[in-house]
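K.L.:
Listed below, chain by chain, are the residues.
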Amino acid sequence: MLTSDTRDPAALPRLLLTLLALALLWPGIRFSELDLRVLVASDSQSEMGRFVSAFWPPAHGDEFIQLLLQATLQTLAIATAGMALALLLAVPAGLLASRALSLSAASRAGHPSYWGQLLRWPIRGLLIFLRSVPEIVWALLFVRAVGLGPTAGVLAIAITYSGMLGKVYAEIFESVDQRPVHALLQSGSGRLAAFCYGILPNVAAELLSYTVYRWECAIRASVVMGFVGAGGLGQQMDLSLRMFAGGEVASLLLTFLVLVLLADQLSRLLRWRLT
Amino acid sequence: MNRLFNLALLLCIGAAVIASFNYLGIDLGELGGAGNLKQMGAYAQRFLSPDLSPGHLQAIGHGALETLAMSALGTLLAAVFGLLLALPAAGRYGWPLQSASRLVLNALRAVPELVWAALMVLAAGLGPNAGTLALALHTTGVLGRLFAEALENTPPEPADAIRLQGANTVWAFCYGTLPNLLPQLLAYILYRWENNIRMASVLGFVGAGGLGQMLYVSLSLFQEAQASTVILAMLLLVLAVDTLSSWSRQRWVKA
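Protein chains in written order, with the working numbering: chain V, 1 to 275; chain B, 276 to 530.
Among these hints, one or two may not hold up.
Derived list of chain B stretches under chain V, where covered just means 3 residues or more per stretch with a C-beta under 8 angstroms from a C-beta of chain V [said to hold, decoys possible]:
hint, region
1, 291-299
2, 509-515
Derived contacts from chain V toward chain B, CB cut-off under 7 angstroms, selection only [as the list claims (entries may be wrong)]:
hint, residue
3, Ala145
4, Leu148
5, Val228
By construction, these hints were calculated from the structure, which means they are not laboratory data. Yeah, the Cβ is synthetic: ideal placement off N, Cα and C, and Gly gets one too.
Sequences are here, hints too, so could you generate the full structure?
P.N.:
Structure (structure tokens):
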């Protein structure tokens with residue numbers, strides 16, 4: 001006979017798991033010095049309150065608007081120039097690292113020979129290294145090497161994004177149908193020609209849309225990199241924050257939001273037109 | 276006509292690239308000049324001998340634990356608050372609350388972590404607490420939106436069935452909606468945790484604790500040997516978390 005049981009049969013294990021998770025988290029709370037009370041403590045609240053109340057009205061003096069315009073243009077230029085430099089490195093690296101253009105793979109059902117795999121490893125390693133250091137760390141290093149200003153931002157974007165783009169390009173080349181390129185390679189064409197006629201027609205749309213998406217990411221990254229002195233909107237925001245100029249911070253944040261929205265729309269337009 | 280438009284678009288892109296190099300005044304020839312390259316090489320060379328003394332390694336261990344704790348707690352807080360905000364944002368309590376909570380989530384998400392960290396350092400003082408709060412605030416925005424979408428897409432029938440049996444809304448949510456939702460929520464949380472550990476290691480640049488603060492300080496003091504150890508530690512941390520999260524994803528999310 002069916003009896004109704006209102007208890008949760010899995011309650012005990014769940015309770016134990018929760019207790020275990022809490023025990024694991026306890027040292028974490030100590031390490032991160034988590035203290036939610038600062039959000040409601042009266043002195044920090046009045047401090048924040050004074051700062052935030054200065055947000056309205058956003059700064060809109062003629063001089064500041066001029067500065068804002070220049071910083072915005074600089075941010076856009078950093079992203080674009082950084083992407084252009086990144087492409088210079090990413091395209092050859094992607095071609096070199098991709099298994100799709102391996103001569104030995106063409107006659108071995110897509111698996112390159114031992115040597116073919118070994119020789120591609122240094123390039124893959126280089127790409128991994130370039131992309132696993134965050135761009136803002138590169139920016140910090142370049143600010144020390146080439147001085148404050150947009151050059152550091154451009155170089156940082158160029159380095160990180162060439163790592164990402166190179167890896168993704170190599171994978172995109174491998175993801176399409178390999179038979180056309182294998183046929184071309186086996187009938188004696190050069191690798192570059194085989195790439196242009198065997199792979200490129202299939203991957204062009206995907207390459208373009210990924211590149212445009214990365215450009216959009218580069219704009220966001222170049223704003224953030226300004227905080228370590230790499231020019232653009234971020235540097236201006238850092239300065240205004242340090243001077244507790246709430247109004248300026250507000251208009252910088254608004255500009256940043258508008259810029260990200262516009263970049264989003266533009267990249268959608270480009271992807272729609274070009275793919 | 277279409278071709279012409281595309282051609283014009285490509286020309287515009289080319290012009291934009293040239294214009295941005297001109298605007299920034301970057302002289303690549305000068306940058307690649309012999310003197311400059313030598314200087315940069317000398318600077319890079321100082322990074323090649325990382326400082327592996329036990330004292331420094333211990334400091335790095337502490338910094339790495341701090342970074343780990345910041346990212347984990349920030350993500351956890353964000354998951355809790357994100358779920359709380361996702362319930363109204365999925366339209367469960369009528370449209371005024373829905374649009375209000377969506378507005379909050381969008382605002383939280385739109386401000387980057389580093390900007391939140393700079394603001395939180397003002398409110399909470401230097402140290403990892405500011406970083407944790409900054410991560411929590413931004414991630415709440417991201418997770419809240421993802422959770423709200425997941426909530427809207429779960430089938431309502433199990434919860435309805437439980438409610439029709441006489442249970443109240445809370446039990447219906449816990450036993451009717453949550454079990455369906457949990458794998459997806461876990462996947463989102465793990466994905467954000469991966470992102471956050473990367474961010475946590477750089478939030479220190481504005482004074483929010485962890486490895487980033489160590490890197491910033493040692494670079495400012497021109498201690499390149501120490502800085503390169505910190506960078507190595509960051510790389511290891513990111514690799515370890517990637518492995519862990521891909522393992523746990525296979526273990527719990529796909530099952």
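K.L.:
Hints the structure violates: just list their numbers, smallest first.
P.N.:
The structure conflicts with hint 4 only, although it agrees with all the remaining ones.
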